[in-house]
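Just so you know, the sequences run in chain order A and B. Letter by letter, the first sequence follows residues 1 to 157 in the UniProt record's numbering. Letter by letter, the second sequence follows residues 1 to 763 in the UniProt record's numbering.
Keep in mind that the hints are not guaranteed to be accurate.
[Unchecked claim] Calculated lysine-lysine pairs in the DSS-like style (CA-CA distance at most 27 Å, straight line):
| id | chain 1 | residue 1 | chain 2 | residue 2 |
| --- | --- | --- | --- | --- |
| 1 | B | Lys222 | A | Lys92 |
| 2 | B | Lys648 | B | Lys615 |
| 3 | B | Lys324 | B | Lys686 |
| 4 | A | Lys42 | B | Lys336 |
| 5 | B | Lys686 | A | Lys42 |
| 6 | A | Lys11 | B | Lys748 |
| 7 | B | Lys609 | B | Lys434 |
| 8 | A | Lys3 | B | Lys256 |
| 9 | B | Lys270 | B | Lys648 |
| 10 | A | Lys92 | B | Lys208 |
| 11 | B | Lys349 | A | Lys92 |
| 12 | B | Lys601 | B | Lys692 |
| 13 | A | Lys3 | B | Lys265 |
| 14 | A | Lys114 | B | Lys222 |
| 15 | B | Lys349 | B | Lys336 |
| 16 | B | Lys222 | B | Lys131 |
| 17 | B | Lys692 | A | Lys42 |
| 18 | B | Lys101 | A | Lys92 |
| 19 | B | Lys198 | B | Lys101 |
| 20 | A | Lys92 | B | Lys70 |
| 21 | B | Lys748 | B | Lys601 |
| 22 | B | Lys131 | B | Lys101 |
[To be verified] What follows is a set of in silico ranges between Cβ atoms, one per label pair, in the way DEER data are often shown:
| id | chain 1 | residue 1 | chain 2 | residue 2 | range |
| --- | --- | --- | --- | --- | --- |
| 23 | A | Gln88 | B | Asp511 | 30 to 40 Å |
| 24 | B | Asp253 | A | Lys71 | 36 to 46 Å |
| 25 | A | Ala70 | B | Glu397 | 42 to 52 Å |
| 26 | A | Gln88 | B | Asn693 | 49 to 59 Å |
[Said to hold, decoys possible] Reference listing, derived: stretches of chain B covered by chain A, where coverage requires no fewer than 3 residues with Cβ under 8 Å from a Cβ of chain A:
| id | stretch |
| --- | --- |
| 27 | 220–234 |
| 28 | 538–551 |
If you're looking for bench data, these hints aren't it; they were derived computationally from the structure. Just so it is clear, CB atoms sit at the ideal spot from N, CA and C, and this is done for glycine as well.
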Amino acid sequence: MAKYSIQVNGKKHEVDVLEDMPLLWVLRDIIGLKGTKFGCGKALCGACTVHLNDDAIRSCSYPISAVGDAKITTIEGLSEDGDHPLQQAWEKFVVPQCGYCQTGQIMNAAALLKRNAHPSAQEIEQAMQGNLCRCGTYNRIKAAISEVAGIPNAASK
Amino acid sequence: MKILAPFQKKKNENISSEVFSASRRDFLKVGGLLTGGLVLGVSFFSCNEKGKKIVTIAPNVYLQIGSDGKVTIVAHRSEMGQGIRTSLPLIVADELGADWKNVRIVQAEGDEKKYGNQNTDGSFSIRQFYKPMREAGAIARLLLIRAAAQQWKVPAEECDTEKGQVIHRNSGKKLEFGDLVEAAKSLPVPAVSEIKLKDNSRFNMIGKETPIVDLHDIVSGKAVFGIDAVTDGMKIAVVKRCPVVGGAVKSFDDTKARAIPGVIKVIAIKGPGLPATLRKPLSGVAVIAENTWAAIKARDLLEVEWDLGPNAGYDSAKQIEELKQEVTKNGTVRRKRGNFLAAKAAAKKVIDHTYVAPYLAHATLEPPTALAVVKNGNCEVWACTQNPQGAREAVAEALGFQADKVRVNITLLGGAFGRKSKPDFIVEAALLAKESGLPVKVQWTREDDIHHDYFHALSVQRIVATIDNQNKLSGWDHHIAYPSISATEDNAVVQPSDGELGLGATDFPYDVPAINVETHDAKAHLRIGWLRSVRNIPQAFAVATMLDEVAEARGVDPVANALELLGEDRNITFNEELVKTTYPNYGEDIANYPWEIARMKEVIRRVAKESGWGKEMPKGSGLGFAVHRSFLTYVACVVEVQVDANNKITIPNVYYAVDCGLPVNVDRIRSQFEGGAQFSASLALKSMITVKNGQVEQNNFDGYQIIRMPESPGQIHVHIVESAAKPTGVGEPPVPPFTPALCNAIYKATGKRIYTLPIDINA
Numbered sequence: 001m002a003k004y005s006i007q008v009n010g011k012k013h014e015v016d017v018l019e020d021m022p023l024l025w026v027l028r029d030i031i032g033l034k035g036t037k038f039g040c041g042k043a044l045c046g047a048c049t050v051h052l053n054d055d056a057i058r059s060c061s062y063p064i065s066a067v068g069d070a071k072i073t074t075i076e077g078l079s080e081d082g083d084h085p086l087q088q089a090w091e092k093f094v095v096p097q098c099g100y101c102q103t104g105q106i107m108n109a110a111a112l113l114k115r116n117a118h119p120s121a122q123e124i125e126q127a128m129q130g131n132l133c134r135c136g137t138y139n140r141i142k143a144a145i146s147e148v149a150g151i152p153n154a155a156s157k
Numbered sequence: 001m002k003i004l005a006p007f008q009k010k011k012n013e014n015i016s017s018e019v020f021s022a023s024r025r026d027f028l029k030v031g032g033l034l035t036g037g038l039v040l041g042v043s044f045f046s047c048n049e050k051g052k053k054i055v056t057i058a059p060n061v062y063l064q065i066g067s068d069g070k071v072t073i074v075a076h077r078s079e080m081g082q083g084i085r086t087s088l089p090l091i092v093a094d095e096l097g098a099d100w101k102n103v104r105i106v107q108a109e110g111d112e113k114k115y116g117n118q119n120t121d122g123s124f125s126i127r128q129f130y131k132p133m134r135e136a137g138a139i140a141r142l143l144l145i146r147a148a149a150q151q152w153k154v155p156a157e158e159c160d161t162e163k164g165q166v167i168h169r170n171s172g173k174k175l176e177f178g179d180l181v182e183a184a185k186s187l188p189v190p191a192v193s194e195i196k197l198k199d200n201s202r203f204n205m206i207g208k209e210t211p212i213v214d215l216h217d218i219v220s221g222k223a224v225f226g227i228d229a230v231t232d233g234m235k236i237a238v239v240k241r242c243p244v245v246g247g248a249v250k251s252f253d254d255t256k257a258r259a260i261p262g263v264i265k266v267i268a269i270k271g272p273g274l275p276a277t278l279r280k281p282l283s284g285v286a287v288i289a290e291n292t293w294a295a296i297k298a299r300d301l302l303e304v305e306w307d308l309g310p311n312a313g314y315d316s317a318k319q320i321e322e323l324k325q326e327v328t329k330n331g332t333v334r335r336k337r338g339n340f341l342a343a344k345a346a347a348k349k350v351i352d353h354t355y356v357a358p359y360l361a362h363a364t365l366e367p368p369t370a371l372a373v374v375k376n377g378n379c380e381v382w383a384c385t386q387n388p389q390g391a392r393e394a395v396a397e398a399l400g401f402q403a404d405k406v407r408v409n410i411t412l413l414g415g416a417f418g419r420k421s422k423p424d425f426i427v428e429a430a431l432l433a434k435e436s437g438l439p440v441k442v443q444w445t446r447e448d449d450i451h452h453d454y455f456h457a458l459s460v461q462r463i464v465a466t467i468d469n470q471n472k473l474s475g476w477d478h479h480i481a482y483p484s485i486s487a488t489e490d491n492a493v494v495q496p497s498d499g500e501l502g503l504g505a506t507d508f509p510y511d512v513p514a515i516n517v518e519t520h521d522a523k524a525h526l527r528i529g530w531l532r533s534v535r536n537i538p539q540a541f542a543v544a545t546m547l548d549e550v551a552e553a554r555g556v557d558p559v560a561n562a563l564e565l566l567g568e569d570r571n572i573t574f575n576e577e578l579v580k581t582t583y584p585n586y587g588e589d590i591a592n593y594p595w596e597i598a599r600m601k602e603v604i605r606r607v608a609k610e611s612g613w614g615k616e617m618p619k620g621s622g623l624g625f626a627v628h629r630s631f632l633t634y635v636a637c638v639v640e641v642q643v644d645a646n647n648k649i650t651i652p653n654v655y656y657a658v659d660c661g662l663p664v665n666v667d668r669i670r671s672q673f674e675g676g677a678q679f680s681a682s683l684a685l686k687s688m689i690t691v692k693n694g695q696v697e698q699n700n701f702d703g704y705q706i707i708r709m710p711e712s713p714g715q716i717h718v719h720i721v722e723s724a725a726k727p728t729g730v731g732e733p734p735v736p737p738f739t740p741a742l743c744n745a746i747y748k749a750t751g752k753r754i755y756t757l758p759i760d761i762n763a
């Protein structure tokens, strides 16, 4: 066990946890932020995606000991009222089905647009390939990201 | 008690509703309703042929209109991504004339006495509840209209409702629903015989697109799934389960596990042995800890000695090889028309192929998880369950409680696909909560989920098709072998049930003079369950790819071939040709939901038109076609495929034509088809579970793969046939025809026929 001070969504949190506890479980079990989801525990599905500074990371495989003083952003901190342009586009295209993977999808897409505001269709697919959706909402995800990026709908092949 | 597969249950087609003024006592029992206002209990009942009421089911759905004009509708079906928390309430709201902005949805708990059968599978929520939901809305509307008419001293017939108001047509006078609540409460509740349903042309929501009610909560991370349920003092349990079904814990050493800080207790769970059942937990050892990570770490450090039981030598690859031999022999006849052997003897051409499909796991993105509290002889559960009543009974049975001492709260489900119909994981939570005296949430890891699923069974099928010297398809001989779902409850079962065969095998609709369907023994060695569209998946794969070969052998276009083989427009029943059974028709009376050749042909023509079927395709590209009726919904599918020089498969376009009767929420019909194509693409191209030494060989999404965005189908075009027929479900029907249409497209693009799933064109 060790004590860590981490910054999540602009707020400092002191936690006393196992050194190898993945950030995901710190967020969910210790801090109580439930919007970040557990899907695989091995960085294979993307449901747990959060931002470490500006980068999308898989929080299920990112130990708390590696966080340091980086700024963590979760879905709860992405926007004030769930009104980030991507969240709005997600609503416009009614992207979710069960919804479980969607917070991870949105966080991953937000990091993509931060580093590349106008990605090509192929760049969207490449960036999003680590995020699984078992319901199969990929086409609407592409449509929503394309809309915010101002490019033609990436669902066309 | 017994958990039944969705297609084994008899549905009650003639459900009608009766609305009663709910007492304070009634609605206080329904969580989430506010006090006050007008509360109507909508009681559903079914009638026999003579119209006599039978009180075999008496589910109630509660509808509340507050004096603030807010309308609360209790959703009694589980939401797993199909949109049912939106689509059933919108039927009530549309008929009532409510303002959707003022409608609030409250999730019902699992209670058979109150809500009837809540098992949300088999694609039947809309099918079963469309009519009663409309009647409920119409009764409430009439009550409000009468209250307003009385106040205005005008005939009720001159009034109507719109956007949460009652309107007097002649004078233009308006009253808010909320202002009529007090007056409406004192009026007698109208009977169903007094109401008149709206004309379809007056729908504001039915047949249109309504976004899902949970949309904003989902995109902002506020939606509560099973994994998000919390209660005071909650602890987390992670379980090491026996890797072989039927095995048991012999002994265990938890010294290392207990050394992990945060570990509270280690408890063994007794398994049922064999049969494994559709409701009981597997044998295992649970670690209860302060948090999930400590529980996972400690679970991995448990040292367990297992008695692996009789399945320890099981090898799925060997079973497939054995079944390939088995299907060449004579089997048990399940459907017979004409004389296949004579047709074969006279045939000009015989096509004979064997089709193999693997075990599949559901792999819901939210792994199974449930929270239970046991206190003072009561148990309360929060879980992502499709089947809250099955869970309630299974928990009661395991704890030795009466069912009324168990309350099951339903969260949102992070995917389900049939997996979350089984309450084994909920029973684990309840047993551990009772044993430890702590509130316990059981968390399955992805590895737990992949290893210990209720699997979609592997299958081997052989079809022999004969073409006579008139160039007609003269004979069809379909041999089938797979472990049955029924074997999970009864180990002696080695052949498919009539219910399973009725999912695309014995209901082969084509007018062929000689039809033979035979089944063969296949023993179950895993827990077999049902996965989105169930046996339609392998059966449609074999039937529709073989028909493509038949078309080619006859020199006929596949679409023209299907239209010709279906024959004249008529309704068919199969009954006189089925051996010792009648066609199950997804639990519905065939008189109420006939098997209509005309509708099948219509979706074929429509998909051909929309896809540009018959157009010239560039080299390396192809269009493939398949059609399939499942869950009473008719679906035709054309898949466009491109295969490059490295055999990389791209799917630029998918075209669906669907006849699901009257479309209720068009956007959710589309989304189910879009998702259904992706779901089917996963199983066609990626997914496979294999078993060695009785143990599943895949662990996570690296070994058990599902489709990712770059390889997923591009544009999915969904064409919905305009219809006023009774609505039918769309959760499962998109899945079956996609895979054979893809296989047929690959043949056009490459000249390679696919007989084994998942597809490997290098094989």
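Right, here's what the structure says about each hint:
1. B/Lys222 - A/Lys92: Given that 27 Å is the threshold and the Cα spacing comes to 18 Å, the pair holds.
2. B/Lys648 - B/Lys615: The given pair, whose Cα atoms are some 23 Å apart, holds under the 27 Å limit.
3. B/Lys324 - B/Lys686: 22 Å, holds
4. A/Lys42 - B/Lys336: 51 Å, violated
5. B/Lys686 - A/Lys42: 19 Å, holds
6. A/Lys11 - B/Lys748: 58 Å, violated
7. B/Lys609 - B/Lys434: Violated: B/Lys609 and B/Lys434 sit about 61 Å apart, past 27 Å.
8. A/Lys3 - B/Lys256: Between A/Lys3 and B/Lys256 the Cα gap is close to 23 Å, so the pair holds against 27 Å.
9. B/Lys270 - B/Lys648: 48 Å, violated
10. A/Lys92 - B/Lys208: Status holds; Cα separation ~16 Å.
11. B/Lys349 - A/Lys92: With Cα atoms ~55 Å apart, B/Lys349 and A/Lys92 exceed 27 Å; violated.
12. B/Lys601 - B/Lys692: 44 Å, violated
13. A/Lys3 - B/Lys265: Satisfied, since the Cα-Cα distance of roughly 24 Å is no more than 27 Å.
14. A/Lys114 - B/Lys222: 24 Å, holds
15. B/Lys349 - B/Lys336: 21 Å, holds
16. B/Lys222 - B/Lys131: 33 Å, violated
17. B/Lys692 - A/Lys42: 23 Å, holds
18. B/Lys101 - A/Lys92: It holds: about 17 Å lies between the C-alpha atoms, which stays within 27 Å.
19. B/Lys198 - B/Lys101: Status holds; Cα separation ~21 Å.
20. A/Lys92 - B/Lys70: 25 Å, holds
21. B/Lys748 - B/Lys601: 23 Å, holds
22. B/Lys131 - B/Lys101: 23 Å, holds
23. A/Gln88 - B/Asp511: 30 to 40 Å: 53 Å, violated
24. B/Asp253 - A/Lys71: 36 to 46 Å: Between B/Asp253 and A/Lys71, where Cβ atoms are some 43 Å apart, the hint holds.
25. A/Ala70 - B/Glu397: 42 to 52 Å: 50 Å, holds
26. A/Gln88 - B/Asn693: 49 to 59 Å: Given a distance of about 52 Å, which is inside 49 to 59 Å, the answer is holds.
27. 220–234: holds (count 9)
28. 538–551: violated (count 0)
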